[in-house]
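Asks: This is what each chain is made of:
There are 2 protein chains.
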Amino acid sequence: MEEKVLKAIQDEYPDDFAWCYGCGRLNEEGHHFRTGWNGEQTVTIYQPEAKHAALPGFVYGGVMASLIDCHGTGSASLALHRKNGHEPGDGAEPPRFVTASLKVDFMKPTPQNIPLKAVGTIQEIHPKKWKVETEVFAGDTLCARGEVVAVVMPSTFLVKE
Amino acid sequence: MEEKVLKAIQDEYPDDFAWCYGCGRLNEEGHHFRTGWNGEQTVTIYQPEAKHAALPGFVYGGVMASLIDCHGTGSASLALHRKNGHEPGDGAEPPRFVTASLKVDFMKPTPQNIPLKAVGTIQEIHPKKWKVETEVFAGDTLCARGEVVAVVMPSTFLVKE
Numbered sequence: 001m002e003e004k005v006l007k008a009i010q011d012e013y014p015d016d017f018a019w020c021y022g023c024g025r026l027n028e029e030g031h032h033f034r035t036g037w038n039g040e041q042t043v044t045i046y047q048p049e050a051k052h053a054a055l056p057g058f059v060y061g062g063v064m065a066s067l068i069d070c071h072g073t074g075s076a077s078l079a080l081h082r083k084n085g086h087e088p089g090d091g092a093e094p095p096r097f098v099t100a101s102l103k104v105d106f107m108k109p110t111p112q113n114i115p116l117k118a119v120g121t122i123q124e125i126h127p128k129k130w131k132v133e134t135e136v137f138a139g140d141t142l143c144a145r146g147e148v149v150a151v152v153m154p155s156t157f158l159v160k161e
Numbered sequence: 162m163e164e165k166v167l168k169a170i171q172d173e174y175p176d177d178f179a180w181c182y183g184c185g186r187l188n189e190e191g192h193h194f195r196t197g198w199n200g201e202q203t204v205t206i207y208q209p210e211a212k213h214a215a216l217p218g219f220v221y222g223g224v225m226a227s228l229i230d231c232h233g234t235g236s237a238s239l240a241l242h243r244k245n246g247h248e249p250g251d252g253a254e255p256p257r258f259v260t261a262s263l264k265v266d267f268m269k270p271t272p273q274n275i276p277l278k279a280v281g282t283i284q285e286i287h288p289k290k291w292k293v294e295t296e297v298f299a300g301d302t303l304c305a306r307g308e309v310v311a312v313v314m315p316s317t318f319l320v321k322e
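Note that the protein sequences, when read in sequence, are chains A and B. Residue 82 in the working numbering is what sits at position 82 of the first sequence, and the numbering runs on without skipping anything. Residue 184 in the working numbering is what sits at position 23 of the second sequence, and the numbering runs on without skipping anything.
Pulled out of the complex, with its shape left as it was, chain A reads as follows (with noise of 0.2 Å):
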């Protein structure tokens, strides 16, 4: 059975936000990570593409950094959303997160002939400050752990806009 998250916080963002590489829904040549919850904790599924190697067979470290880095400001955002009162779908607008620190630790070869699941549990450090620790599995197999330190995002992103 195909596992798949149905209300992605990313579907949600303002089309002005939809561009990242990693999970912008407007970004042709990017990942579209889509980030939902699963109970308390939150998922991300994603099938790496041929061309995301490190060498043949293996996942690219820089495509599992970053998976975990917008599954982590996906998840921080979800988890205000959620405190705000609001879930996915319900047409509030979430807010919207920028990675302070990204840390990922591997801890086996990644396989790419499966899909990876991401799996983020979360915690408020500060209301603006949020922390998002994450395993990623390639099956059963446990294959990267990371963290996230997600801030609201600051205006200084916003001037260019």
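Just to be clear, a hint being listed does not mean it is correct.
Unchecked claim - If you want the footprint, here are the derived chain A segments under chain B, 3+ residues with CB under 8 Å:
1. 13-27
2. 43-53
3. 56-64
4. 95-107
Claimed, not checked - Pair ranges (Cβ atoms, derived):
5. A:91 to B:217: 23 to 33 Å
6. B:308 to A:92: 33 to 43 Å
7. A:28 to B:300: 50 to 60 Å
8. A:50 to B:212: 17 to 27 Å
9. A:89 to B:245: 55 to 65 Å
As the list claims (entries may be wrong) - When the alpha-carbon atoms are kept at most 27 Å apart in a straight line, the in silico DSS-like pairs for lysine-lysine are as follows:
10. A:128 to A:51
11. A:103 to B:269
12. B:212 to A:103
Calculated directly from the structure, the hints in this document are not laboratory data. The model shown is predicted, which means the values in this text are computed figures rather than measured ones. We put the CB at the ideal spot given by N, CA and C, even for glycine.
Chain A is fixed; fit chain B onto it per the hints.
Replies: Below, chain B without anything else, positioned relative to chain A:
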């Protein structure tokens, strides 16, 4: 004056190891990061493409992480190669590293319109394990700091070759 890395370690990897989405010269759709010496430090110069955005005008964090990742493994390869008496271009095959851990602190939004310069400082922490601390500049602006722990490629990566 355009800065350029003339002798890059990635140019010396055997063809079987030149498919990395980050730094593989044979991966047509990859970033083609190229890392060389600048005195005792290492340098990778990279011009992000328009698609590599977080928001229009700013570089995606996953691409910054990718740059730091391959700059890290490339720097470790350069360093062990030099320890073994070799420099890129002398015909010897360099050692190949994989990333054990990757950490990125995002300091400033990174503008998309100028080349990025990653500058690495390398430390041997074990004959097979090297730490690379990297600063990524856009012009004079320090946009991100990274740390990679790179290890000599284990045999588990070679089984599928």
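Asks: Compare the structure with each hint and give your call.
Replies: The hints, checked one at a time:
no. : hint                      : in the structure
1   : 13-27                     : holds (count 8)
2   : 43-53                     : holds (count 3)
3   : 56-64                     : holds (count 7)
4   : 95-107                    : holds (count 9)
5   : A:91 to B:217: 23 to 33 Å : holds, 25 Å
6   : B:308 to A:92: 33 to 43 Å : holds, 38 Å
7   : A:28 to B:300: 50 to 60 Å : violated, 29 Å
8   : A:50 to B:212: 17 to 27 Å : holds, 18 Å
9   : A:89 to B:245: 55 to 65 Å : holds, 58 Å
10  : A:128 to A:51             : violated, 36 Å
11  : A:103 to B:269            : holds, 17 Å
12  : B:212 to A:103            : holds, 24 Å
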